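For this one, chain A is given, so just place chains B and C on it according to the hints.
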Amino acid sequence: MPKSKRNRNGAIALLFLLPYLVLWGIFAFVPIVYGFFISLHKWNPIGTSKFIGFQNYGDLFRNPRFVGALWNTLIYAAWAIPLILLVGLVFALLLRRGQLPGGAAVEAALFFPYLLNVSVVGILWRFLLDPDVGIVPYYLRVVGVDPPNFLNSPMIVLPTIAVVSAWWLAGYRMIVFRAGLNAIPDDLYEAASLDGAGSVRQFFFITLPLMRPSILFAAILTLVAGMCMLGQVLVMTNGGPGTASEVMALFMYRTAFESFNFGQAAAVGFILFVIVFGVSLVLFRVLGLRSELS
Amino acid sequence: MRAGRYLRYGLCYLLALVWFVPVVWMAVTAVKPTPEVMSFTPRWIPSEVTFSHFGELLAKKPFFLWLLNSFQIAALATAITVVVTTFAAYALARLEWRGRNVVFTMLILAMFVPWEINSIPLFFIVKDLGLLNTFLGAALPLAALPVSLFLLRQFFINIPTDLEDAARIDGCGHLGILWHVIIPVSLPAYGALSIFIFIFSWNEFFWSLISLQRADVRTLPIGLKTLVGAGDIQYDLMMAGSFMATLPALIIFLILRRHIISGISMAGVRR
Amino acid sequence: MDRRNFMQSSLALGLVGAGGLSFPGTSAAADGKFWFNTLFHGGDADAMDAIVKKIRDENPSLNIDLTQGSWTEYYAQLYNSVVAGEAPQLGVVDDFRYESVADVLYDVEDTPAGNILDLMGVKPDDFAQWDTTKVGGKSLGLPLDQNGFGLYYNKDIFKEAGLDPERFPQTREEFEHACDAITKIGKVAYHPALSGATRYIRRAWMALLWSAKGEYLKDGKAAFNDDRGVESLQYLVDVVQKRGWNKPGTDGINQFLAGELGILQNGTWFYLTVENAKINYGCSMPPAFFEDQVAWGGYHLLVLPKQSSDEEAALQRTAEFLKAFTPHYSMWGEMGGAVPLWNAALSDPELKKSRTWEKTLHVFSKAAADGVIRAEPRHPKITDVDTAVEPFTQEAYNGTMSVKDALARAEDAANRALES
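Protein chains in written order, with my numbering: chain A, 5 to 298; chain B, 113 to 383; chain C, 17 to 436.
Okay, chain A solo, but in the shape it has when bound:
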C-alpha cells in the first residue's frame, strides 16, 4: 500500500478510535496512574493530603494481615481457575454435538447459574451450606459423610468458595468451549478412529492441542477476574473465619471504606495490578498467545 494512503488511513483510524480511546483513557488508564499517585499519599478526600512516599507500601508488607490476604488470593485463584475451566470443559465434552436427548434442558440447567447475580449466589450458598439448616451438610450426613463446616474452617473455606464460583461460572465456559469443540472438523476424529486411536488418545492428541489457545485465553481471563474476587466473600463469609477468606479485593475495600485509609487502599490496588498484569503478561508471552490471537 502506498505510504500516503497509509498516513491518510492513520488519521481516519485515529478519528475512529478516538471515542473509545477517550473512554478507555479516562476510565481505565488514568485510574492506574492516579491510583499510584494516591498510594504515595496519606490521602484525605475532605482535607489536605500529605505526600509520604512509599510508606503505604512499607506498612502493607509489614502487616501480616495484608500478606495473609495476598496469600489467600493466590490460594483462591489456584482452586477456582482450574475448577471453573475443568468443570466447563467436562460439561462441554459431555454435551458436545447434540445427540443427547433433552440436551437443551441439560444445557440450560448447567448454564443458568451464570445468569444469577453474585448476591443471589452468595446468599443462596450460605443458606445451602449452613451447618444446621443447610441441605448440603444434611444430605452429606444422610449418606454417612460427616460434613466439614464449609464456611467456618480455615482450610476449607477458600476451596468451598471456589466450588461455588465454579457452580456459578462454569456454564459460561461450557458454552465457549463447546463452540470450540464443535468447530473441530469431524474428519480429524474419523481419521484417528481409523488409525485405531481410542477416545482418550483422541482427546489428548486432537482435542486438547486444537483447544489450547481458547483454553489458555479463557485461563488468563479467569485469572484476571479471580484475583479480584470480592462479591462472593463479601456476601458469604465477610473474610472469615478469622481472616481465612480475606482476599486482596476485600482487604482493599475494607481499608478504603471501613478504615477510610484511601492511600493505603490505593497501594493495595496498585500491588494487585502489578501482580495480575505481570502474571498475565508472563503467561501470554511464554505461551505465545500473541500470534494466535491476531
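Calculated directly from the structure, the hints in this document are not laboratory data. Worth double-checking, as some hints may not be accurate.
[Claimed, not checked] Straight-line Cα separation of at most 20 Å, DMTMM-like style, residue types lysine to aspartate or glutamate; simulated pairs:
#, chain 1, residue 1, chain 2, residue 2
1, A, LYS54, C, ASP119
2, B, LYS239, B, GLU148
3, C, LYS154, C, ASP142
4, B, LYS172, C, ASP62
5, A, LYS54, C, GLU435
6, B, LYS172, C, ASP65
7, B, LYS172, C, ASP73
8, B, LYS172, C, ASP81
[Claimed, not checked] Residues on chain A that point at chain C, a partial pick, calculated with CB under 8 Å:
#, residue
9, PRO245
10, THR247
11, PHE261
12, GLU262
Keep in mind that this is a model prediction, so the values were computed, not measured. Note that the Cβ used here is the ideal one computed from N, Cα and C, for glycine as well.
Same frame as chain A, but now just chains B and C:
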C-alpha cells in the same frame, strides 16, 4: 459402546439435576411459611404455599426500582459499548495504518488489567466528573472494557474484503462501508457483544457498590445485599428476593436461549 | 436476528439507556427534600418506617425521603456521600463507629445554622445520657437509643428439659446447670454470639472480659492480654469446645428460629424477628459470669452529615424534622426494641403497657439503668482495633488457635492498628 453412551447420558442428567437443585430449593424456600424455613430437616413440600414473603419484600424494599436501575445501567453500558467499539473495531480491523499492531497489542494487554482494582482512584475521578450516583458514572467504566472491542475486532477482521471493495467502487467512504457492508454482516456479532456486555453489567457488583451509594440508584445486586443485615439473615425474605431477581433472568433466558447461547459461543470461539 | 429486528432492539436499548441519563443526580438538599438515611435493616427499620410515616402525615410540608438498609456498607456510604457532596441531612450511627466518621459530621451545638437544640427548642437534659454524644468535647450527634445484648430463651425447650420456663438462671452455676440439662435432651443449649459472625464473638468475649474486671483498651494500648483476658476467652471457647453446648461455626439465629436452641445471646433489635417466628420465648440479662454482671451494648446516635450547598436551609429542615421526631421516641422503643434515650419517652405510660416492654424492653431498660449494659471504649481507631482483634477471637472460638496465642496475636494486631 452403547452402555458407555447411556452412562454418559446418565451422568449428564445427574449433573444437570445437581446443578439446578439449588435454584429449586430457593424457589421452594421462597413460598414456605416462615416457621418451616429454618427446619433442621429439609422440607421439600411446604405445608402450605404462601406468597407473603414476596409481599413483605415488595412492601419493605424498592425491588422494582432496583430492577429498573439495573436494567437501565446495563442498557446504557451496552448502547455506549456498541457505538464506540464499532468505530474502534473498524479502525483496528479494516484499515491499514502504521501503528495498528502496536495499538492492537496494547488492547490485548489492557484486557489483562483487572478493572475492579481501579475502583478507588476511579471513585475520585468519577466524583470529580460529577458522575457519582449516576447511571452514566456506573456505566461508562463498563463501556471502556477492552474485551468488547476485542470481540468485535475479531469478528470484523474475518469479513471478506470483496464486499468492501465492491462498495468502494460504488463510491462509498469509510462510513458508508461501515454502515452498508460491515454492520449488516456483523449483526450476529453485535448480538453476541450486546448479550455479553449486558449480562456483565447486569451482574456487576464491585463498582456499583462503590459508585452508587444513594438508595434511589441502587442496582439489584447491591439492593439484595442490603437484605443481609448486620447479623441476621431473614432467609425467607432473602430467598423470595433472590427468586424474584432470578425470574427476569429465567424468563429472558427461556425466550432468548438460542441467541444467548450462540452469542456466547461466537464471542468465545474467535481467537 | 434480521436487520430490522436488530435495529428495533438496539433502538429500544438506546432509549432505555438514555432514560438512565436523565434520571438521578440532583442532591437531596437542592430539590427541597429532607433525606434521612439509617443503617437499620430488620425490625428496627420497620419501626423507623412507621415513625416516619406518622411524621409525614403530621407535617406534609416536610418532604421526607427515608432510606434504610445495608449495615455493612453504611459507614462507607455516609463518608462517601459527604465526599461526593450529596450527603443525607440526617443519619444514624453506632457509637463505636462514631469517631471514625467524626470528620464528616456537624457539631450539633455549633452548625452554620446555629445550635440545633435551640432550633428544636429542646435542652440537653431532655435527652437521657446526653454525654454519649461527646467526641473531644463536641456533640456530634443526638442520643437515639441504647441497645445491647441479652439472652433470649426458648420456654418450650426449658420445659422439656425440666427447667422453670418463667425463671431464667440467675447465677453462673444455675446457667451452666440449665445448659447441661438442655444438652441432655438433645437440643442445642446456648449460642453466645447471634449468627456467629466474627464481630459477635468478639463482643460476647468483651462482655465476659468486663465481667472479669478486665479492660479492652487502656492508655491508648490493648490491655486485654492478661489473666482476665485468658479466663474470659477460655470460658467462651469452652462453650463450644468443651462443654458441648453448641458447635463452632453455627448460626445461633437459625438455630433459635428453628426451635432447636435453648438460649441465644442477641440484641435488642431481635424482638420483631423472634415475634414473627412464633417462638415461645423469654428474655433475660446474662448472670454474672465472673465478678460483675455485664452485657455488651452500644448507642445509636442521630447525626448530621456535612452538607455541600445551602447548609442553613438544609439544617433548618433537619431541626424541623427532629422536633417532629422527639414525640415518637417511645414508639421507637416499642417497635425497635431498644431503650429510647428521651426522658419523656422513658416515663411514658403507653410504652410500659406495650408488649415489647412486657417481653423484652423492661429487661433491657432495667439493665441500662443499672449499668449492666456496657459500651465499647471510645477511641478514634476503635473500629480498626475491633477488626484487628476479631479474627483471633474467632480462631480461638473455632479451636484453630489456643486462647493464649489468640490473645497475644490480637494484642499485637490491635496495637499495630492503634499506632498506624
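Between the alpha carbons of A/LYS54 and C/GLU435, is the straight-line distance 20 Å or under? This hinted pair holds, its Cα atoms lying about 18 Å apart.
Assess, step by step, whether the Cα of B/LYS172 is no farther than 20 Å from the Cα of C/ASP73, and give holds or violated. holds (19 Å)
B/LYS239 paired with B/GLU148 [C-alpha distance capped at 20 Å]: Measuring from Cα to Cα gives roughly 46 Å; hence the hint is violated.
Can you verify the interface hint for A/PRO245: is its Cβ closer than 8 Å to any Cβ in chain C? holds (5 Å)
Please work out if B/LYS172 and C/ASP62 have their alpha carbons no farther apart than 20 Å. holds (8 Å)
Should the interface hint for A/PHE261 be scored as holding, given a Cβ-Cβ cut-off of 8 Å against chain C? holds (3 Å)
Holds or violated: C/LYS154 with C/ASP142, Cα cutoff 20 Å? holds (18 Å)
With chain C as the partner, please determine if A/THR247 meets the hint condition of a C-beta pair closer than 8 Å. holds (4 Å)
Mind checking the alpha carbons of B/LYS172 and C/ASP65 for me, to see if they're no more than 20 Å apart? holds (9 Å)
Compare the distance between the alpha carbons of B/LYS172 and C/ASP81 with 20 Å, and conclude whether the hinted pair is satisfied. holds (14 Å)
20 Å limit on alpha-carbon distance, applied to hinted pair A/LYS54 and C/ASP119: Holds, at roughly 17 Å.
Tell me if A/GLU262 is really an interface residue toward chain C, meaning its C-beta lies closer than 8 Å to one of theirs. holds (6 Å)
Hint 2 alone, counting from the list given before, is not met by this structure.
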